[in-house]
Amino acid sequence: MTTQSPALGTTGTEEKPLQPASLDRGRRTPAPKLARGQANWGVKILLVVLCLLWLLPTVGLLVTSFREPDAANSTGWWTVFTAPFSNWSVENYRQVLLEEDFGRAFLNSFVITIPATIIPILFAAFAAYAFTFMKFVGRDFLFILIVGLLVVPNQVALVPLLQLYARADLVGTFAAVWLAHTGFGMPLAIFILRGYMQTLPRSIIESASVDGASHFTTFWRLIVPMSVPALAAFAIFQFLWVWNDLLIALLFLGAGDNIAVTVRLAGLIGSAGQGWQLLTAGAFITISVPLLVFIALQRYFVRGLTSGSVKG
Amino acid sequence: MIKIINAVLAVLAGVGGAMVLYFVLNFAVERLPGKWEHRIKPYVFIGPALLVIGVFLIYPAVQTFVYSFANDDSTEFVGFQNYTELLGSEAFRRTLLNTLLWIIIVPVVVVVMGMAVAVLADRLGARSEKTTKTIIFLPMAISGVGAAAIWGFIYASRPPTQDQIGLLNAVVVGLGFDPVAWLQIDTGKLNSLLLMVIMIWTQVGFAMVLLSAAIKSVPEETLEAARIDGANEVQTFFRVVVPQIWATVITVFITVLIGVMKVFDIVYTTTNGNFNTNVIAVQFFNELFTNGNNGYAGAIVIMLMIAIIPVMAYQVRHFKKQEAAS
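Going line by line, the protein sequences match chains A and B. Quick note: numbering that gives the first Met the number 0 has the first sequence finishing at residue 311, numbered continuously throughout. Quick note: numbering that gives the first Met the number 0 has the second sequence finishing at residue 325, numbered continuously throughout.
No wet-lab data here; the hints were simulated from the structure. Just so you know, even glycine gets a beta-carbon here, dropped at the ideal spot from N, CA and C. There's no promise every hint is true.
What the hints assert, rightly or not - Covered stretches of chain A, going by a simulated chain B footprint (3 or more residues, C-beta under 8 Å):
#1 219-228
#2 237-250
Claimed, not checked - In silico lysine-lysine, DSS-like type, Cα no more than 25 Å apart, as pairs:
#3 B:2 - B:129
#4 A:43 - B:129
#5 A:134 - B:129
#6 B:215 - A:134
#7 B:320 - A:134
#8 B:319 - A:43
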């Protein structure tokens, strides 16, 4: 992202944040738009070709990951189709997960990603609650500041953070990346969550307060459960962004015990031929995690996107 | 097994620690007399968020600005020397030119292709539309590193005496030509353009999803009116649909633009900026990490920041307008 990291920003005027607008939206809105179902053969063939082109690179990696390293290194992956399924094995995957240190890097990436997803959501949910339902001095100014920070590139923070971490003896620790991702993800998280919380009916919060519920109770019992779609949308963003991140993992964790899977993989790409089985099977395992998360939670992800978010 | 237990413990410690923080703060503030509790509580709620923003974004940004006027290990101020040396160096000017090409080419291609797929897929049946969009969208979940690994099997090059394992060279050799070392040829910026293809591959789906949602929300009556007035499909699209979805086009364009300005993983893992493919974020990383030059690294990122300020201003203005409207 490239995953991009999705950046944050402006909302198209024709959309309200987090209104249903999913991939299959066309099915739910009965009114045909331009010309539903009226594609001619030219359009159909064009789209089929485009889809095949889009899938082809990934299929190449997938096929290669099941070939023996020597074969993968000496003939093209498409040659398997002349003798289908000969010499296919899951040996590469077995080696990657069990024998090589790749398994540890894979595990590390979960240790990095899970707290780096949950902690910013927790911080941002509290902050978004305050921005939406509480009155305090400096509220509007602080929120404008957060909107401005949405597009600030993370790079601007890296030199001093590296020094700060060196002084605090945090370089190479998971806490270093958790905290960095929490900071970098915070503006987008607050922006998305506040946008959603503003659409919640105020009367519910007021009646809770009349019933004597504290803000803390209202937050946990009412607002968090009601905000699940927005929390999920941001969680997917942040999960993909942290899991796919190379720069921050490279700087703050490097190649030590806590190496991230992207850093391990980047190291392998440079050394063509060596550790070929790691590169192909390892790469496929690495990309399959975000792909599974994405496919399983696509609905929320698309809603998050159409809420107009662009992270800096 | 021990590794997995340690991993679970680390995750629990991180997440649990953050939760405990709020419970303790809330417990403390609820012990205060009523009026003070009321005044201080909002700051307890936003406090941790503001603290991390301050420590991890604002303070380091200011510090980076200061470092950009100091020498390589930040022990002495050197004025504008980092900026003048960088801008005076042939290598950095090439980096800037490459980055500029990325900025000009990638967002436009992504928006145009995303729009084309959105419009064409809209004409399919509901199920084919969903399948098409999912396929185009999937690469968005793939990291730059993963994409570089994947595209390695497209761009790989072997000596003519060996079988080609890269698809592109297999085609070239099949047509009777010699294999080409794609990522090493900067004639006509060929290698940079091929790296841009990887980025475009990951981004078109993003543009498609946003634009498709916008197109579908265009009121049917406006389309009907145009058709009754005798407009054909193409005219209807450019004169009626495009103006109504323009805000989304801008949003997509800016999002991709910012992503492109910071592009790092793809270039770092494929060429590391060699063969005249360097871009700003890769040079920043190499100045900081490989050369240990805080001054250059700082100056590069401040220049990037200056380029982003107009976008930031647009963003804030747009937000204020929206708030006023709601």
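Now for the hints, and whether the structure bears them out:
As drawn, the segment 219-228 of chain A meets chain B at 0 residues by the rule of a beta-carbon pair under 8 Å; below three, the given contact is violated. Three residues within the 8 Å Cβ limit are the bar, and the segment 237-250 of chain A against chain B gives 8, so the coverage statement holds. Taking the CA atoms of residue 2 of chain B and residue 129 of chain B, the gap is near 41 Å; set against the 25 Å cutoff, the hint is violated. Of the pairs offered as hints, the one joining residue 43 of chain A and residue 129 of chain B holds, with about 14 Å between alpha carbons and a cut-off of 25 Å not exceeded.
A distance of roughly 44 Å separates the Cα atoms of residue 134 of chain A and residue 129 of chain B; the hinted pair therefore is violated under the 25 Å criterion. Among the hinted pairs, residue 215 of chain B with residue 134 of chain A is inconsistent with the structure: their alpha-carbon atoms are about 38 Å apart, more than 25 Å. Distance check on the hinted pair: residue 320 of chain B and residue 134 of chain A sit about 21 Å apart at the alpha-carbon level, within 25 Å; holds. For the hint pairing residue 319 of chain B with residue 43 of chain A, the CA-to-CA distance comes to about 43 Å; that exceeds 25 Å, so the pair is violated.
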